[in-house]
Amino acid sequence: MDIKELYTAYAANSQEEIAQLLRDLCKIPAPSHHEEKRAEFCKNWFIANGFENVEIDGALNVTAPVNVRPGEPVTVVMAHTDTVFPDMEPMPFREENGYMYCPGVNDDTANLAVLMVGARFFKDNFPADKGGYLFVANSCEEGLGNLKGCRKLMETYGSRVKELISLDSTCMHRVVTRAVGSHRYKVVVKTEGGHSYAHFGNRNAIHVLSSMINMLYTVKVPVEGDSKTTYNVGGISGGTSVNTIAQSAEMLFEYRSDNRNCLAKMEKMFFSTIEAFRATGVEVEVEKLGDRPCGAEIDPVRYNDLLNRYIDTVHEVLNMEHMEGPSSTDCNIPLSMGIPAICFGVVRGGKVHTREEWVEVASLSEGCKLLLNFLYR
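Counting along the sequence shown from 1, when you hit position 199 you're at 199 in the numbering used here, and nothing is skipped either side.
Hint data in this document are derived by calculation from the structure and do not stem from the laboratory.
Every value quoted in this text rests on a predicted model; they were computed, and no experiment measured them.
Think of the CB as a built atom: it goes at the ideal place given N, C-alpha and C, for glycine as much as any other residue.
Please note that a few of the clues may not be correct.
Said to hold, decoys possible - Once the Cα atoms are required to be at most 30 Å apart in a straight line, the calculated DSSO-like pairs of lysine-lysine come out as:
1) Lys265 / Lys190
2) Lys190 / Lys162
3) Lys190 / Lys228
Said to hold, decoys possible - Beta-carbon label-pair distances, calculated as ranges:
4) Gly234 / Ala264: 17 to 27 Å
5) Ala362 / Leu6: 17 to 27 Å
6) Asn243 / His34: 31 to 41 Å
7) Asn53 / Thr354: 37 to 47 Å
8) Thr156 / Val242: 14 to 24 Å
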């Protein structure tokens, strides 16, 4: 059989193995910054399946190299180990009518399971003249993980990275081609506060914070071409009791854009608002919690070569037209460095970032075929 026949048969027979691997991974909690146990499981799996020089780095990335030689270019294929859920105990898992249900089962655990099983075939049937490949179960993609795993990886390999592919989506025929950058902050407002009756008239931190939020929500977002820019207050807290004038109140605030200039304009707007309130004598503390960069200029020939391989794969394996769009993924880091990178999924599922998250079991083998078809291009 030729290689296409081999990987097609392999993928068709892989469904139960991937499903069992997914069951095992779902038993291991992995909030961002606490992926130790899942990383150790992945490392042991790679070693047991014949990979050499498997390591866990300082950011809890598990790296499984194939034909990687010192100083030579490398293609990175990754899926993240962390989930958005903070739970440190195993989360409820069930199977029903061809679907698996578990918080984090889809994002990104199912993609990770497909990556691992697909990587083994690629390693065992590697075209030695095609350069080095680094398969990675990476950490800290979600939320305030701030892409720590991918940042560490790019620090380690830098310009050696020829291109990067992130498996992270519920849709096999949609590809992320633009990086949505973001800045995330905790803002704390402090006032003198006091007793609600005896000190009535003193400034209330909750009231001041509310005024600040109202001002931020009057902003007209910048636009350049077809860019999209957004902002959001995602959490507020503060105060002491119903009869206390609040001395402190805080919020979580972010803005996003797929355009570097627009992101810079939002940063200027945000800090001008902060300074306006400080000018009234209010104490305002600002802590940056996250910083995800937008993309930079990339060689169009190299980028289109990568994208067209994906498009051809989708046409052949799924018999579908592909869709393109922007998102915030691990690809933000290489794209900001001018390195070609795309993100797509190798599973079908839904209700991502909810406790009703699900994945279609039948999609696991189909996703394995999609991955291998793409890799052999």
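Results for each hint:
1. Distance restraint check for Lys265 and Lys190: the Cα-Cα separation of roughly 27 Å lies within the 30 Å cut-off, and the hinted pair is therefore satisfied.
2. A C-alpha spacing of about 49 Å is found between Lys190 and Lys162, which places the hinted pair above 30 Å, so the restraint is violated.
3. The suggested pairing of Lys190 with Lys228 is violated, with an alpha-carbon distance near 33 Å, which exceeds 30 Å.
4. Checked against the hint of 17 to 27 Å, the C-beta distance between Gly234 and Ala264 comes to roughly 22 Å, which is consistent with it.
5. Our hint of 17 to 27 Å for Ala362 and Leu6 holds, since their Cβ atoms are close to 21 Å apart.
6. Take Asn243 and His34: their Cβ atoms lie about 39 Å apart, and the range 31 to 41 Å holds.
7. The given range of 37 to 47 Å is respected by Asn53 and Thr354, whose C-beta atoms sit roughly 38 Å from each other.
8. Taking the beta carbon of each, Thr156 and Val242 are about 53 Å apart, not inside 14 to 24 Å as hinted.
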